[in-house]
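Asks: Those protein sequences? They're chains U and G, same order as listed. Each residue of the first sequence is one higher than the last, beginning at 1 in our numbering. Each residue of the second sequence is one higher than the last, beginning at 1001 in our numbering.
By construction, these hints were calculated from the structure, which means they are not laboratory data. Please note that a few of the clues may not be correct.
Claimed, not checked - Okay, derived cross-link-like pairs now, BS3-like style, lysine-lysine, Cα gap no bigger than 27 Å in a straight line:
(1) G:K1081 <-> G:K1204
(2) U:K34 <-> G:K1081
(3) G:K1081 <-> G:K1047
(4) G:K1189 <-> G:K1047
(5) G:K1016 <-> G:K1204
(6) G:K1047 <-> U:K34
In this text the structure is predicted, and so the values were computed from the model without any measurement.
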Amino acid sequence: MTVAHDLVGVLRAIGRFVLGGLASIGRVVLFAAKAIGHAVVPPYYPARLAEQLIVIGWFSLPVVGLTALFTGAALAQQIFIGGSRFNAAATVPAVTVIGIVRELGPVLGGLMVAGRVSSAMAAELGTMRVTEQIDALTTLRTDPFRYLIGPRVLAATLVMPLLVLVSNVIGVLGGYALATTRLGFNAGNYLDRTIAFLHTDDVVSSLVKAAVFGFIVALMGCYHGFHSNGGAAGVGRATTNAVVSAFILILMSNLVITVIVFGGK
Amino acid sequence: MPAIRVRGVHKRFGPKVVLDGVDLDIGDGGSLVVIGGSGTGKSVLIKCILGLLAVDRGSITVDGVEVAGLRGSALAAHQAKFGMLFQGGALFDSLPVWRNVSFALPRRDGSARLRAAAIDNLARVGLGPDVADLRPSELSGGMQKRVALARAIAVRPAIVLFDEPTTGLDPIMADVINDLIVELVRDLKITALTITHDMASARKIADAIAMLYAGRIVWQGPRAMIDTSGNAYVDQFVNGRADGPIKMLKTA
Chain U
1 MTVAHDLVGV
11 LRAIGRFVLG
21 GLASIGRVVL
31 FAAKAIGHAV
41 VPPYYPARLA
51 EQLIVIGWFS
61 LPVVGLTALF
71 TGAALAQQIF
81 IGGSRFNAAA
91 TVPAVTVIGI
101 VRELGPVLGG
111 LMVAGRVSSA
121 MAAELGTMRV
131 TEQIDALTTL
141 RTDPFRYLIG
151 PRVLAATLVM
161 PLLVLVSNVI
171 GVLGGYALAT
181 TRLGFNAGNY
191 LDRTIAFLHT
201 DDVVSSLVKA
211 AVFGFIVALM
221 GCYHGFHSNG
231 GAAGVGRATT
241 NAVVSAFILI
251 LMSNLVITVI
261 VFGGK
Chain G
1001 MPAIRVRGVH
1011 KRFGPKVVLD
1021 GVDLDIGDGG
1031 SLVVIGGSGT
1041 GKSVLIKCIL
1051 GLLAVDRGSI
1061 TVDGVEVAGL
1071 RGSALAAHQA
1081 KFGMLFQGGA
1091 LFDSLPVWRN
1101 VSFALPRRDG
1111 SARLRAAAID
1121 NLARVGLGPD
1131 VADLRPSELS
1141 GGMQKRVALA
1151 RAIAVRPAIV
1161 LFDEPTTGLD
1171 PIMADVINDL
1181 IVELVRDLKI
1191 TALTITHDMA
1201 SARKIADAIA
1211 MLYAGRIVWQ
1221 GPRAMIDTSG
1231 NAYVDQFVNG
1241 RADGPIKMLK
1251 TA
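One chain only, chain U, in its complex shape (with noise of 0.2 Å):
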């Protein structure tokens, strides 16, 4: 009796853990298919929008930029030095190269923007929420959704693949920079290898997934902040889940584009 009592109570809590969960998924689903809409869709906001390119785009270039160097460079000489165990040393610029392009480059890219620009939108939202702005537009004759939530979701799918883009030459330059000051690689040699071993549909999987990890920045932070309550406590908690739930789905989507575009090869 005692067991079965116990199974059902397991059981049950199974059944909310799931049923919250698919319930989560949904509403996120609709605010996202609700963004997407308020996006596309005039009357538009191009100030707003203006803003947010500049804001996601330009003032993550620094700290997108800097992490790109730095891993092109490591990953150059770890290559190096694994190539070296078995004569594959020359394969610096061709292992390097793809591995930014392909993986590196949008993936960090994507978290540092999310930690930078995910956790920026929910506090921002969440505070607007908290101090009743965002009812206060509806009152002024304004969509939140329209005036908010679009521009941002918008400006950070347009703006990130550029953002990779520059982050993938930078980190191609400190494999570069590495390997011709320190590992004995000829400068025209590298960049001769590096172009002759990059394929378009390496370039197009890198801009695809930052478009999508683009999305997925602004959507967690929007989200998040969106349905903040409960004070500044409530704020702080729409932030890191924000920044989590961004990680997570960016690092899945990772996986679940790089199966389908490279899978079969």
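Chain G: place on chain U using the hints.
Replies: Just chain G, lined up with the frame of chain U:
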């Protein structure tokens, strides 16, 4: 026909019943003040009237139009009838004062005309053009309330909702805000619904007063009758007594 008619409105959040059958009429051009203690559902009531929250049961009509079930452009048209002064002002931190005040005005008017309109509305609440370029964070609490008031009336709404308009202000500044509300309601022929627990404010602003307690309107009448209502809840609240039918926990 009353401008706002509320009948049997129920609203709960989880197990907590906030509104438990509210009935209320607000006449066209009148000024009704709803009094009641903290947490009695006053803010929820005006958010339901505004369409920011959906009622669980009951009916709210504004100018004869049922609010429940409004969506999209119909809901936006309903909300466009209102201006609202929020308790904390709810000014947009990132925008200067003049952009806050002119926020709901049509953008096609151009910046120069929007700015002029903002300065005109600021003058109505006793603020000079020198504050137009300041940020809300650079203003005192009283000035923020005045700017929020200017923003609420900028589009000349038919109805203005005032949520605790004097909270956080010293008694003199609170009286200044009360005077401004009375002037604006009279001069602009606005229908006003105010929620407050400040009796000095209620006595000054109201044509009529209603008291909300335990999710229901327990008394409604003209302002002049507030001290002779014969209602035990109203008497206790108006006189600020701890003893009476309204029970408050003395220990947390």
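Asks: Each hint should be assessed against the structure and marked as holding or not.
Replies: Quick rundown of the hints versus the structure:
1. Between K1081 of chain G and K1204 of chain G the alpha-carbon distance is near 24 Å, which keeps this suggested pair within the 27 Å criterion.
2. Simply put, K34 of chain U and K1081 of chain G have alpha-carbon atoms about 25 Å apart, close enough for the 27 Å limit, and the pair holds.
3. For the given pair, K1081 of chain G sits about 14 Å from K1047 of chain G by alpha-carbon distance, which is consistent with the 27 Å threshold.
4. For a cut-off of 27 Å, the pair hint linking K1189 of chain G to K1047 of chain G stands: about 22 Å separates their Cα positions.
5. Among the hinted pairs, K1016 of chain G with K1204 of chain G is inconsistent with the structure: their alpha-carbon atoms are about 33 Å apart, more than 27 Å.
6. Restraint check for K1047 of chain G and K34 of chain U: the C-alpha separation of about 23 Å stays at or below 27 Å, so the hint holds.
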